[in-house]
Amino acid sequence: MTGEMIAFFFLALTAIAGGVLLINLSNVVHMVVALIFTFIAIAGIYITLSAEFVAVVQVLIYSGAITIIMLFGIMLTRHQEKEKRAPRLKVILTGLAIGLFFLIMYGKIKDLDFGQQNAELHIDNTKKIGIELYSHYVIPFELTSVLLLVALIGSIILAKRDDDEKEAKK
Amino acid sequence: MSSIPLAAYLLLALILFCIGLFGALTKRNAVIVLISIELMLNAVNINLVAFAKYSINPGLTGQIFSLFTITVAAAEAAVGLAILIALYRNRQTVNVDEMDSMKR
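Chains as they are written, first to last, in full-length UniProt numbering: chain A, 1 to 170; chain B, 1 to 104.
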């Protein structure tokens, strides 16, 4: 039982506990807060996989930005404080289908192993990612900036109040 | 070298994906459905980063792919929330059972 193992089990347990809380809690805000634990634990998982830069990005984007934007979405819309449960039959059928999916996938992945190469991904991780992004992946990188601009403008236009249409209707 | 087998990471990602799928299919608040989809995308990212380290040719490609996925997921969350707010303004609801104007 090495320290790496202990860290992995702790982080995996936190991630799964956050997910289970998301399913079981009834208050909507509590669900989102439970998911922050999952996102931060996944950032820790990335560190055990020697991906420091992805871990930092995970903390910034997911547990920072996306969680806050979802909390804003909850605050801006009126909702029942206590979430009503879906019909019982639907929950059971969905659970059975997902359980079947889980068993099939688990049967496939449980013995998967390619053998370990001695990769040293953690040395100068951020620097190497930067060099790769600006040399080999420069076109997808620039396209991503276009995508972000489109998403920004699109969401502003979608969420903007349509005053002109209302005046036209009058 | 690492003492954790690849299958452990894949199993964790599978469990998180199943939780996200269950939440996306059974929850009735649309914000929770959106955030369950984010959880599923996160599980996929764990797979990408795990295969980047444990594949036959270890390299940074998987990590860079996961960075792109995170960007697209953030854009998706923003647009999804904008659609949700536009819908809320018209229908006064965030309940996915009542969003059926295209079925009638």
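Hints listed in this document are in silico derivations from the structure and should not be mistaken for laboratory results. Careful, some of the hints might be misleading.
Derived, one-sided and incomplete: chain A residues facing chain B with beta-carbon distance under 7 Å [claimed, not checked]:
id, residue
1, Met70
2, Glu132
3, Leu147
We treat Cβ as the ideally placed atom computed from N, Cα and C, and that holds for glycine.
Right, here's what the structure says about each hint:
Because the smallest distance between the Cβ of methionine 70 of chain A and any Cβ of chain B comes to about 5 Å, under 7 Å, the interface hint for this residue holds. Hint status for glutamate 132 of chain A relative to chain B: holds, with the closest Cβ pair at about 5 Å, below 7 Å. Annotation: leucine 147 of chain A was flagged as interfacial toward chain B, and the flag holds, the nearest CB pair being 6 Å apart, inside 7 Å.
Comparing the model with each earlier hint shows no violations; every hint is respected.
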